[in-house]
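Participant: If you read the protein sequences in the order shown, they are chains L and V.
Residue numbering for the first sequence is 1 to 275, as defined by this note's numbering.
Residue numbering for the second sequence is 1 to 148, as defined by this note's numbering.
No wet-lab data here; the hints were simulated from the structure.
In this text, a Cβ means the ideal position worked out from N, Cα and C, and glycines have one as well.
A few of these clues could be false.
Residues on chain V that point at chain L, a partial pick, calculated with CB under 10 Å [said to hold, decoys possible]:
no., residue
1, Pro63
2, Lys71
3, Asn96
4, Asp106
5, Pro125
6, Asp136
7, Phe137
8, Tyr144
Chain by chain, the residues run as shown.
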Amino acid sequence: MLAALLIVFREVFEAGLIVGIVMAVTAGVAGRTRWIAGGVTAGVLGACLVALFTSGLAGLFGGSGQEIFNACILSFAVLMLTWHNVWMARHGRELAAELRAAGEAVVEGSKSLFALAIVVAIAVLREGSEVVLFLYGVAAAQGGASFAMVIGGVIGLVLGSLVCLMTYLGLISIPARYLFSVTSALIALLAAGMAAQAIAFLEQADILTTFDETVWDTSWILSESSYLGRALHTLIGYVDQPTGMQLIAYTATLAVIVALMKLFGTPEHRHARPA
Amino acid sequence: MIHGLRILVSVMSGNRRLGKSVKISVASSLAALSFATGMLATGMLAVGILAAGMIGAAHAQQPVALSLTLKEQKFDPAELHAPADTPIEIHLKNLNPIVSEFESDDLHFEKIVPTGGEISVRVRPQHPGRYRFFDDFHHETQGYLVVP
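Take these sequences, add in the hints, and give me the full structure.
Facilitator: Next comes the structure, spelled out in structure tokens:
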């Protein structure tokens, strides 16, 4: 039961951080709960599909199928997060102040919601597929899902969802005038972290090995495998032993997001951080 | 840029209401400049990465290949050995009847191994030490990579 609890908790915790951020970022936008719930559902279905096709996936691309799949969906999430930030820099003020006609605001808002729903789906899919595989494997080995396993999984799910709730409540308690800057910064860091993760998968698959030596080691300060380390890994892309290429991807992603926000944003919203 | 042109036209035709237009044109010029700088930096970065990739490929160290099997919830061998500062490729065959996740926090890899499947992970060059890897779906199953 404990094994099921821990695995489900860990994966729901990581996805929950992202869902919590997205919920906070879209607070006040009409219909956002539907979109995000849709993203979570799509992610769960996707996780089941990925789990189902895991053998096939593993065998693709000369054995690198898993890593390429992960790198691709992470890159896609980076694009969606970038798009969201740029879009918010341009339209956020209008959306918040409801200066546009209600109908237009809903349509415009739903484009950004769609992008974020995709990010949520990707996060749930990645974490969820491990959960599905683990639970299925344990059930198969035991000859069926045991009561202990189900209880453990449910508790893990509830605890992980609490993390999501706490993230959300913590973020929406930020005063409105700082909320845009803080959430834009969080989204940018989320994207940068995912870009570095994508690189890590390509390194693991022996596809991209330039600059793959460890640049610095902060595992003695904070280990990436501790819960705080995991949280920071998801939120800001903290890695205790980053490679050169991961650092390049991280900083390049941040640079591009900031540059695009400055280019396309309205003057008030060109800054991802408070001035 | 377009605002800048408008201002030029205003100045040339003697129009005096420039205040706001000047501010907009300065802002948009700065924005365009930041964008251009950002794109140039990204472009140079991309070229740099490609060049490094080509140079790197020419000088690439051959990774050391290590083999492992997962049988009855145990890694065999339980201890792997590899030289320091050399990339490593660990090849794992899963002989368990269930799927596993081959993972290591110390060596930074995680990969699902289907039952009966074989996978490979590349590990970056390591300093001397003792590094733990495990089956994330069954934590009692663990092994070590020893680098003297």
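Participant: Each hint should be assessed against the structure and marked as holding or not.
Facilitator: To see whether the hints hold, each was checked on the structure:
{"no.": "1", "hint": "Pro63", "result": "holds (8 Å)"}
{"no.": "2", "hint": "Lys71", "result": "violated (14 Å)"}
{"no.": "3", "hint": "Asn96", "result": "holds (9 Å)"}
{"no.": "4", "hint": "Asp106", "result": "holds (8 Å)"}
{"no.": "5", "hint": "Pro125", "result": "holds (6 Å)"}
{"no.": "6", "hint": "Asp136", "result": "holds (8 Å)"}
{"no.": "7", "hint": "Phe137", "result": "holds (5 Å)"}
{"no.": "8", "hint": "Tyr144", "result": "violated (16 Å)"}
Comparing the model with each numbered hint stated earlier shows that hints 2 and 8 do not hold.
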